[in-house]
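If you read the sequences in order, they're chains A and B.
Here the first sequence is numbered in numbering that gives the first Met the number 0, starting from 0 and rising by one per residue.
Here the second sequence is numbered in numbering that gives the first Met the number 0, starting from 0 and rising by one per residue.
Simulated from the structure, these hints should not be mistaken for laboratory data.
Just so you know, not all the hints are guaranteed correct.
According to the in silico footprint, chain B covers these stretches of chain A (three or more CB under 8 Å from chain B) [claimed, not checked]:
| # | region |
| --- | --- |
| 1 | 28-38 |
| 2 | 101-115 |
| 3 | 128-139 |
| 4 | 248-260 |
| 5 | 289-296 |
Taking lysine to aspartate or glutamate pairs in the EDC-like style, the calculated list, with each CA pair at most 20 Å apart, reads [to be verified]:
| # | chain 1 | residue 1 | chain 2 | residue 2 |
| --- | --- | --- | --- | --- |
| 6 | B | K286 | A | D202 |
| 7 | A | K273 | A | E29 |
| 8 | A | K273 | A | D79 |
| 9 | A | K273 | B | D198 |
| 10 | B | K67 | B | E53 |
| 11 | A | K273 | B | D161 |
| 12 | A | K273 | A | D64 |
| 13 | B | K67 | B | D242 |
| 14 | A | K273 | A | D262 |
In this text the structure is predicted, and so the values were computed from the model without any measurement.
Where is the CB? At the ideal position from N, CA and C, for every residue including glycine.
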Amino acid sequence: MTTPALRTRPTTDTEPPQPPRRRRSAAAREGLAGWGFVAPALAVVLGLTIFPGVWALVLSFQRWDGFSPPSFAGIENYQDLATDASALAAAVHTLLYTALFVPASLLLGLALAVALNRRIRFIGLYRTAIFVPFVASAAATGILTTYLFSPQFGIVNNVLRVLHVPPQGWLEDRAEAMVVIVVMSLWGQAAFTTVIYLAALQDVPGDVLEAARIDGANNWQTFWRVVWPQLAPVTAFVGIYQTLQAVQLFDLVYATTRGGPLDATQTIVYYLWKTAFQNLQFGYGSAIAYGMFFVTLTATVIVTLVQRRAGRNASR
Amino acid sequence: MTVETRVLETPNRPDAVATPAERTTPRRRRRLPFSPWHLLLAPVALLFLLPFVEMFTTSLEPASEINKFPPSFLPTQFTLSGYTRLFAESDILHWLLNTVIVSASAIVSHLVLCSLAGYGFARLRFPGRTFGFLAILATIMIPSQLLMIPTYVMFARLHLVDSLGAAIVPWLASAFGIFLMRQFFLSLPAELEEAGQIDGCTRLQVFFRIVLPLARPALATLAIFTLLGSWNDLVWPLVAINDADSFTLQLGLTNFQGARRTDWSLLMAGNVVATLPLILLFLVAQKQFVATMASAGLKG
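Isolated chain A, as found in the complex:
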């Protein structure tokens, strides 16, 4: 019953053309089948994105605590946001995390990929050891972090003690807390950049390397002059991807410092969560979310355009 197209085609040669009604119903049936396949997933995905996305925009122009009727606020939420010192501080903390995490994760991933991209003994064990932290949840990583970096009992300060370095406050120190979070993020996510770079390294054509070697380049030169430029598109992709992830940091902060000490690790999403779900300011929370979305989207578009232009100039 399913393949009207296949079954009707041979008959059209010998018989008078199919009545248009019949053909339309065949197309309609195919159309119906198509929508039958995609509709459930489409309904879930669009229902959980487009609809709440538009609603959040509406909310950002309202004052609402979730219970009493919402009132219209115009652009007040956005005006408040522009002068909100806590939001500004949260943006600075988020940028600090991003500026530390993204370059570190790219460099670490590249270094690990180069190191792991060879056939030596135990290489499988090394890969497993470096990749397995990827499965640790933010909650588990958070608990581990507070233990490893605990000023009294932590192994990190214990190592420092042996090296005769004074113990540090780590998560309890305003200047050090974000660094600790960066380090543990790297522990959990190094696998991702490493895997991407490993795949990219293996795609570098062998004859190009051969040519460089014949021309007398040493390995260091070959890597930075031949391999590294080949990796540029991957670096761009991973850099943008990691940045978009980094500006959304929440889980690890919640599981370690809860934004402290003295708000030093309060990121934008943490501030958004606090505003919406602790202070019940749904309107203002939505304005923070849209403000952040607008800034990241603009930045992403600009970076992509600049990169595309740079790529075009380079290829010219």
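Following the hints, position chain B against chain A.
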């Protein structure tokens, strides 16, 4: 999938991108009985394993050992008291069961809905197909925190909040899953399906009997993506579930952490319960995990 799984295999050019240490003069290399890369890789690998080692040993240590000053690097006494107290004083098994329910429902639904939709977008012609697919792609750009507030309100109105349903529904399907499956089906030759159709199979029969068995690698990637995401999710359960009966593992653990600040053996025992299933699965199916990582980053 072949591109991603290659990562685990050894490169055919062992020293393809060898760097200075490896290249140094042959004289130097003869002096070391092993590749100098071991000198870098072994300590780095140990460093990456250290947090897990600390997690396991601490979960087995008595408090007297952990709180000793100065702390010792290697534990001398072992006890199961962290675990016995964990099971007695927390609902960890209940949280574990909740998480298993959430992840299992998420995986089943994700695989069915996303592969159906991916196949529809890849193979069937219907009005609105391009528009529908572009709409799906566009949603990938929307960050999740933008949707948190209205989704919470929506779920509250549907009486989903504080139930496991709140944790499951966002994982029923995803734009990433649809995209992944569509790309996979586009890479399959269509001849097999045509043969099935000529033999009189219906569209659904072709899909379930011919196409899905071929899609196993893509389905494995998607299953791991869904498992990691739903098992480890913290922010959404935190927003949508306040009822201790519906706590997931991650939510229960962070809550417990707040209550038992420095009861380390207890907290680490909880960490082991939450992490060990994924670690074991990773050791068994490393190839598939790597394929998943390569096809997209997850973990926010």
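Would you say the region 289-296 of chain A counts as covered by chain B, given the rule of at least 3 residues with C-beta under 8 Å?
holds (count 5)
Is the coverage entry for the region 28-38 of chain A by chain B consistent with the three-residue Cβ rule at 8 Å?
holds (count 9)
Can you confirm whether chain B covers the region 101-115 of chain A, using C-beta to C-beta distances below 8 Å and requiring at least three such residues?
holds (count 4)
Three or more residues of the region 248-260 of chain A near chain B by CB distance under 8 Å?
holds (count 5)
Is the Cα-Cα distance between A/K273 and B/D198 20 Å or less?
Violated - the C-alpha atoms of B/D198 and A/K273 are around 60 Å apart, more than 20 Å.
Just to be careful, I want the Cα atoms of A/K273 and A/D64 compared with a cutoff of 20 Å; is the pair within it?
13 Å, holds
Measure nothing beyond the straight line between the CA atoms of B/K286 and A/D202; if it is 20 Å or shorter, mark the hint as holding.
18 Å, holds
Given the proposed pairing of A/K273 with B/D161, does the C-alpha separation stay at or below 20 Å?
Holds, at about 19 Å.
Would the pair B/K67 and B/D242 pass a check requiring their Cα atoms to be no farther apart than 20 Å?
37 Å, violated
Just to be careful, I want the Cα atoms of A/K273 and A/D262 compared with a cutoff of 20 Å; is the pair within it?
12 Å, holds
Counting residues of the region 128-139 of chain A that have a beta-carbon nearer than 8 Å to any beta-carbon of chain B, does the count reach 3?
As far as the region 128-139 of chain A goes, the hint holds, because 12 residues have Cβ atoms under 8 Å from chain B.
Hinted pair, alpha-carbon criterion (20 Å max): B/K67, B/E53. Please report holds or violated.
Given that 20 Å is the threshold and the Cα spacing comes to 15 Å, the pair holds.
Checked against the numbered hints listed earlier, the structure breaks hints 7, 9 and 13; every other hint is satisfied.
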